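Below, each chain spelled out in residue letters.
Number of protein chains: 2
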Amino acid sequence: MNRAQVEDSYRRLQERFCEAVETVDGSSAFGSDAWERPGGGGGLTRILSGEGHIEKAAVNVSAVEGATPAGLSERMAVEGSEFYATGVSIIVHPRNPHAPTFHANLRFFETDTGSAWFGGGADLTPYYLYEDDARHFHRVLKQACDAHDVADYRAWKKACDEYFYLPHRKEARGVGGLFFDHLTDRLEEVWAFQTDLGERLIEAYIPILERRIEVPYGKAETIWQEIRRGRYAEFNLVWDLGTRFGLETSGRVESILASLPSRARWVYDHHPEPHSPEATLLDMVTSQPRDWV
Amino acid sequence: MNRAQVEDSYRRLQERFCEAVETVDGSSAFGSDAWERPGGGGGLTRILSGEGHIEKAAVNVSAVEGATPAGLSERMAVEGSEFYATGVSIIVHPRNPHAPTFHANLRFFETDTGSAWFGGGADLTPYYLYEDDARHFHRVLKQACDAHDVADYRAWKKACDEYFYLPHRKEARGVGGLFFDHLTDRLEEVWAFQTDLGERLIEAYIPILERRIEVPYGKAETIWQEIRRGRYAEFNLVWDLGTRFGLETSGRVESILASLPSRARWVYDHHPEPHSPEATLLDMVTSQPRDWV
Numbered sequence: 001m002n003r004a005q006v007e008d009s010y011r012r013l014q015e016r017f018c019e020a021v022e023t024v025d026g027s028s029a030f031g032s033d034a035w036e037r038p039g040g041g042g043g044l045t046r047i048l049s050g051e052g053h054i055e056k057a058a059v060n061v062s063a064v065e066g067a068t069p070a071g072l073s074e075r076m077a078v079e080g081s082e083f084y085a086t087g088v089s090i091i092v093h094p095r096n097p098h099a100p101t102f103h104a105n106l107r108f109f110e111t112d113t114g115s116a117w118f119g120g121g122a123d124l125t126p127y128y129l130y131e132d133d134a135r136h137f138h139r140v141l142k143q144a145c146d147a148h149d150v151a152d153y154r155a156w157k158k159a160c161d162e163y164f165y166l167p168h169r170k171e172a173r174g175v176g177g178l179f180f181d182h183l184t185d186r187l188e189e190v191w192a193f194q195t196d197l198g199e200r201l202i203e204a205y206i207p208i209l210e211r212r213i214e215v216p217y218g219k220a221e222t223i224w225q226e227i228r229r230g231r232y233a234e235f236n237l238v239w240d241l242g243t244r245f246g247l248e249t250s251g252r253v254e255s256i257l258a259s260l261p262s263r264a265r266w267v268y269d270h271h272p273e274p275h276s277p278e279a280t281l282l283d284m285v286t287s288q289p290r291d292w293v
Numbered sequence: 001m002n003r004a005q006v007e008d009s010y011r012r013l014q015e016r017f018c019e020a021v022e023t024v025d026g027s028s029a030f031g032s033d034a035w036e037r038p039g040g041g042g043g044l045t046r047i048l049s050g051e052g053h054i055e056k057a058a059v060n061v062s063a064v065e066g067a068t069p070a071g072l073s074e075r076m077a078v079e080g081s082e083f084y085a086t087g088v089s090i091i092v093h094p095r096n097p098h099a100p101t102f103h104a105n106l107r108f109f110e111t112d113t114g115s116a117w118f119g120g121g122a123d124l125t126p127y128y129l130y131e132d133d134a135r136h137f138h139r140v141l142k143q144a145c146d147a148h149d150v151a152d153y154r155a156w157k158k159a160c161d162e163y164f165y166l167p168h169r170k171e172a173r174g175v176g177g178l179f180f181d182h183l184t185d186r187l188e189e190v191w192a193f194q195t196d197l198g199e200r201l202i203e204a205y206i207p208i209l210e211r212r213i214e215v216p217y218g219k220a221e222t223i224w225q226e227i228r229r230g231r232y233a234e235f236n237l238v239w240d241l242g243t244r245f246g247l248e249t250s251g252r253v254e255s256i257l258a259s260l261p262s263r264a265r266w267v268y269d270h271h272p273e274p275h276s277p278e279a280t281l282l283d284m285v286t287s288q289p290r291d292w293v
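Residue numbers (my numbering), protein chains in the order written: chain A, 1 to 293; chain B, 1 to 293.
Careful, some of the hints might be misleading.
If chains are identical, the list can't say which one is meant, so a pair holds when it fits in one copy or spans any two.
Said to hold, decoys possible - With a cut-off of at most 25 Å between alpha-carbon atoms, the simulated DMTMM-like pairs for lysine to aspartate or glutamate come out as follows:
| no. | residue 1 | residue 2 |
| --- | --- | --- |
| 1 | K219 | E51 |
| 2 | K170 | D240 |
| 3 | K170 | E36 |
| 4 | K170 | E51 |
| 5 | K170 | D33 |
| 6 | K158 | E248 |
| 7 | K170 | E65 |
| 8 | K170 | E254 |
| 9 | K219 | E19 |
| 10 | K142 | D112 |
| 11 | K219 | E131 |
| 12 | K142 | E188 |
| 13 | K158 | E199 |
Derived from the structure by calculation, the hints contain no laboratory data. Fair warning: this is a prediction, and the values are worked out from it, not measured in the lab.
Work out the full structure: start from the sequences and follow the hints.
The following block contains the structure:
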């Protein structure tokens, strides 16, 4: 395993995932913006944002290198003076409020002093709770973990619940998934696991998307979706370490903020009707995280 | 001057400003939510959010006291073990995209070791640039400053341009205004200035609001307004120290985030048509701050 192989696998995942999303969307194609980083490296940002089933999807690959920025040294306890980082990030915001938002990220980091690690994860953010969807999503992620000694579904499911949490709202972002970082040991085996996980992301999400985009909905459901997307924006802008680090270190802002939803709404002191489907979702995100498998 | 007088003046400003906004709105009234802070004190959050000319307005007073939170000690170099803080914050998001968003804040802080200071300011965020509006706004703020030896329009106008700036976008939030903080000297005179400023806020903003809410507009202007309100949300959630401090120290979240717009929109890599009114606004916020008076 070397950085070129890792980067190449991320680019192939980007291609495959974009094809799968285009098929579901039914009417638009992803655009491609190649960009270069002044300090070294660059990336390919691919965005779909049309009138079909997908309101906005962003599937981005980056591979950057150069002198280790000061903020990075402190934040990640990086020792080398030169770093290399590659990653693929995926976010899908469907138009239909019954279809959940999907996010995944796989990343690899290496320094000139020989330290290297993998990180990544995937999580699902429904606007209406379909327990079948949460179970399916977690089942596929667990299968990816169970096939590899180096992977720990229980620990990483818990880490995901802890990371994708809005302390100021006392709310989970959604039904969680997997989150792992700084995996520095047995890199070849971790790489095999990460590759396997990447290959299962389509299976984890696309079937859910396909079955929910056909559910009828109206204006009220869209308003609720927009309120919850306000929460998504809050998480990304206030708490997400990757977003904040990117914004504070002058990364490519359009790629960093491509994860934001197309529309968000804030309603002062909003409370859904008791016992409504909206209240069910809110109950779920404000309760202790569930075991979905 | 004592804390009770300061707090009382903030409550009277809240009342007067709410009345002025209701008159312009034409159809809705402010609600009132009194709240208590577990550690001591509380506030009154007043929100108007109906179908009239004002999409959302928040006029909030708080007066909190108690043991100085750890974060506050570090952040503000506060020495006392007990603190008292009172403030009034005003935000008005009109529905018509030709009418600018208005924000103002007046605050007073005191500790048991005898240190005390005033802070505050006001700024204007247009979606379409009307230079007359920017000039009027700054002229009124400058008049308030010019009447008081302790006030420095030039310095505080510059501080406002520096504070209400989005580094990740390399954009100003709007046409600026005034920003001052930690005014610890000649407190009686500062208090007289701040009172004067508070009394002029209606004159600074309401005439602008009145003349712009009658300008015809359509869907395209509303979309542009939503994109710019996305920037407003980015500033408040990523950069505004008051918002971040509130969210990190478990303040009353609905009051803290009442400043957010009702709707926001993110469009990947959006660029207005060259020479359009939208491009004129963008040129202004990406250029060096102007002198408006």
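Quiz item: Hint numbers the structure violates, sorted upward?
Solution: Hints 4, 9 and 10 not satisfied by this model.
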